[in-house]
Amino acid sequence: MTPTEIRQIIRDFLLNELIRDESYPLKDDEGIISGGMMDSFALAELGVFVEEAFDVYIPDADLTVDKMDTLDLMVARVLQG
Amino acid sequence: MLTLETREKYATLRDAAVFANADPQQTAVVFYSGRDQQIEAIDRAAFSQAAFRWQQCLIDLGVQQGDFVGIAHGQRPETLYAFWGALLAGAIPSLLAPLTEKLDPHIYFSRLEKLVDFAGAACLLVSDDLVDPLKTRLACPILSIKSLDGLTANYPQPPLDPDATAFLQHSSGTTGLQKGVALTHTAVLNQLAALSTALNLQPDEVIVSWLPLYHDMGLIAGFLLPLIQGVPLILLDPFEWARRPVTLLQAISDWQGTRCWLPNFAYNHLARRVRQRELDTIDLSSMRQFINCSEPVRAASHDRFLQKFSAVGATPEMLSVSYAMAENTFAVTQTPRGDIPNRDVIDGQGLQQARLAIPVKRAHHQAVQHVSCGRPIDHTAVKIVNPQGKNLKERQVGEIWVQSNCMLSGYFQRPDLQPIKEGWYQTGDMGYLAGGEVYVIGRQNDLIINAGKNIYPQDIEAIVNEITGLHPGRNVVFGVDDAKEGTQLIAVVAEIAAGGEISPTTTAGLKKEIRQRVAHQSMITVTYTEIVPPKWLIKTSSGKIARGANREKWLREKGLSSP
Chain A
1 MTPTEIRQII
11 RDFLLNELIR
21 DESYPLKDDE
31 GIISGGMMDS
41 FALAELGVFV
51 EEAFDVYIPD
61 ADLTVDKMDT
71 LDLMVARVLQ
81 G
Chain B
1001 MLTLETREKY
1011 ATLRDAAVFA
1021 NADPQQTAVV
1031 FYSGRDQQIE
1041 AIDRAAFSQA
1051 AFRWQQCLID
1061 LGVQQGDFVG
1071 IAHGQRPETL
1081 YAFWGALLAG
1091 AIPSLLAPLT
1101 EKLDPHIYFS
1111 RLEKLVDFAG
1121 AACLLVSDDL
1131 VDPLKTRLAC
1141 PILSIKSLDG
1151 LTANYPQPPL
1161 DPDATAFLQH
1171 SSGTTGLQKG
1181 VALTHTAVLN
1191 QLAALSTALN
1201 LQPDEVIVSW
1211 LPLYHDMGLI
1221 AGFLLPLIQG
1231 VPLILLDPFE
1241 WARRPVTLLQ
1251 AISDWQGTRC
1261 WLPNFAYNHL
1271 ARRVRQRELD
1281 TIDLSSMRQF
1291 INCSEPVRAA
1301 SHDRFLQKFS
1311 AVGATPEMLS
1321 VSYAMAENTF
1331 AVTQTPRGDI
1341 PNRDVIDGQG
1351 LQQARLAIPV
1361 KRAHHQAVQH
1371 VSCGRPIDHT
1381 AVKIVNPQGK
1391 NLKERQVGEI
1401 WVQSNCMLSG
1411 YFQRPDLQPI
1421 KEGWYQTGDM
1431 GYLAGGEVYV
1441 IGRQNDLIIN
1451 AGKNIYPQDI
1461 EAIVNEITGL
1471 HPGRNVVFGV
1481 DDAKEGTQLI
1491 AVVAEIAAGG
1501 EISPTTTAGL
1511 KKEIRQRVAH
1521 QSMITVTYTE
1531 IVPPKWLIKT
1541 SSGKIARGAN
1551 REKWLREKGL
1561 SSP
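Sequences listed follow chains A and B, in order. Mapping the first sequence onto our numbering, position 11 (from 1) lands on 11, and the numbers just tick up by one. Counting from 1 along the second sequence, just add 1000 to a position and that's the residue number in our numbering.
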């Protein structure tokens, strides 16, 4: 899967399942959790989704606001494997 | 143990607390953050000493019996010690939500300032880092953990009045902070005795909780009950648990937990967000009851939980239900250990139209399921009344009224609010009785219950009102039932300011602003935001924004079915 495809899948998931607003123009470097768009519960959901969608292992230590706050950070973490 | 049989032996919470009297080396509380983190175990002797030091510190400061003491340390040992120390000193402690990363500190400080003024607080207890920013703002002394330096506990125990207020419970938000539920020692002891009897609580229990201590369920079930009964409490941080839900199950497995209180959404959170691979080292077979409490119970949430966790020891008999509220100290009802709560299958249309819960077969096209909350605990009575206050019959839907020997004595310093009328507390919850069991179906007013927290929509509306680009006073906040999350999610619908243009760019900016402001000022996450043109919102004949009608209109437009 290419980085662009990964980004699109995560973006769709965030907009449809967590932010629940398909039309929201989410920027790649926008602070999603720090900006109040989603909460810690959503972070746990994101962890489960990403592991299943991309067959990667994300330890809890990586599921923090600092490490997962933006789409850029999420994509980078998935690419890391 | 404190039960209905032993209740008369004790006059105050201090008399009843086992921890102070026997087996000083027994574990009182364990702070648990997951298997990869160090645990902090506190025995009864250490707990007592720390509480006595806080008591002494407060008395030295000049705190008098009946003085308000606010405690905002967060989910830490200090909160437990300080609460108990203040209670021993005869002061009136109240646990307050701590400052978190998301919250705007200025808003938080100003809220504390208002509370301190309103309550005439004798002092406020906060973490060390908040002393400086607060001391110039607040009219009362600010204490931190450092205030205890060099103190030893040698004060005699002052007499406590059983009918004096033991502590306050505040719910969240601006509105909640102005309604401190005042509870006497007598009321709390009556509640703990009746609840422990209803639970058939045993000396070998282990209570596991992630609930915030400033929440009534966290304070009573996740702190005072284990402390008074002398059974260990395994306590987790709510924010950590939200991020890593498996830690609750690890705590149960590692400490052979027996009881755990959870709001309904937590069953969904655990079932959906604990990974399959994490279950290898989980064993829930020690559990006697998970107790679903604090928001309407959904059968589907229990089903989902069992589907995921029956392989690691969860059984249908473990999933019990309680209907509770701070105004009754805590529990109103409790289903018995070993029983699977009844599911009442009724005609949804009959419920809406005739206000009657008519039993139908599961296959009926309008069938809806309601989970029983069980019978009232001893010395608590429940009745269902119509808007004129007339008693309704079995299966007729009306407002739930409660009467007990563990009700609040009033709202702190709010003589204008008289919560008890002719001996009954009018809950604002709607429900019905069937076979002596209570079924709760929703709220009479607009209160939103999101993830177990009571949220007053007017508090969020006030925040949205301040946003430039929106029409002041023309926004509405309401709850939207969500099956996936097992709770109500929050929606904000706001009219654009006069002359404003609704375009993708302007609405995106405003939507973001709404979410950010609400998160920073209230710790509440808004799920749905909608910017609508002028005059979209429906007003009542008296000119107020009609929450219910606007909710229906929005749900219709979004194509979301109204439950």
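Honestly, the hints are just simulated from the structure, not real lab data. Check the hints yourself; a few may be wrong.
[Unchecked claim] Under the rule of at most 25 Å between Cα atoms (straight-line distance), these lysine-lysine pairs were calculated in the BS3-like manner:
hint, chain 1, residue 1, chain 2, residue 2
1, B, K1179, B, K1146
2, B, K1135, B, K1114
3, A, K27, B, K1114
4, B, K1146, B, K1135
5, A, K67, B, K1308
6, B, K1308, B, K1484
[Unchecked claim] Using C-beta positions, here's what the derived DEER-type ranges look like:
hint, chain 1, residue 1, chain 2, residue 2, range
7, B, R1362, A, V56, 56 to 64 Å
8, A, Q8, B, D1303, 45 to 53 Å
9, A, G35, B, P1504, 14 to 22 Å
10, B, D1280, A, D66, 22 to 30 Å
11, B, A1045, A, Q8, 20 to 28 Å
12, B, Q1157, A, D29, 52 to 60 Å
13, A, D66, B, T1506, 28 to 36 Å
[Claimed, not checked] Residues of chain B clear of chain A, computed beta-carbon distances all greater than 12 Å:
hint, residue
14, V1246
15, I1282
16, S1409
17, W1424
18, A1508
19, Q1516
20, T1527
Beta carbons: idealized from backbone N, C-alpha and C, even for Gly.
How the hints compare with the structure:
no.	hint	verdict
1	B:K1179 to B:K1146	violated (31 Å)
2	B:K1135 to B:K1114	holds (14 Å)
3	A:K27 to B:K1114	violated (38 Å)
4	B:K1146 to B:K1135	holds (15 Å)
5	A:K67 to B:K1308	violated (29 Å)
6	B:K1308 to B:K1484	holds (15 Å)
7	B:R1362 to A:V56: 56 to 64 Å	violated (42 Å)
8	A:Q8 to B:D1303: 45 to 53 Å	violated (33 Å)
9	A:G35 to B:P1504: 14 to 22 Å	holds (18 Å)
10	B:D1280 to A:D66: 22 to 30 Å	holds (28 Å)
11	B:A1045 to A:Q8: 20 to 28 Å	violated (59 Å)
12	B:Q1157 to A:D29: 52 to 60 Å	holds (59 Å)
13	A:D66 to B:T1506: 28 to 36 Å	holds (31 Å)
14	V1246	violated (8 Å)
15	I1282	holds (15 Å)
16	S1409	holds (36 Å)
17	W1424	holds (37 Å)
18	A1508	violated (5 Å)
19	Q1516	violated (4 Å)
20	T1527	violated (6 Å)
Going down the numbered hints, you'll see the structure goes against 1, 3, 5, 7, 8, 11, 14, 18, 19, 20, while the others check out.
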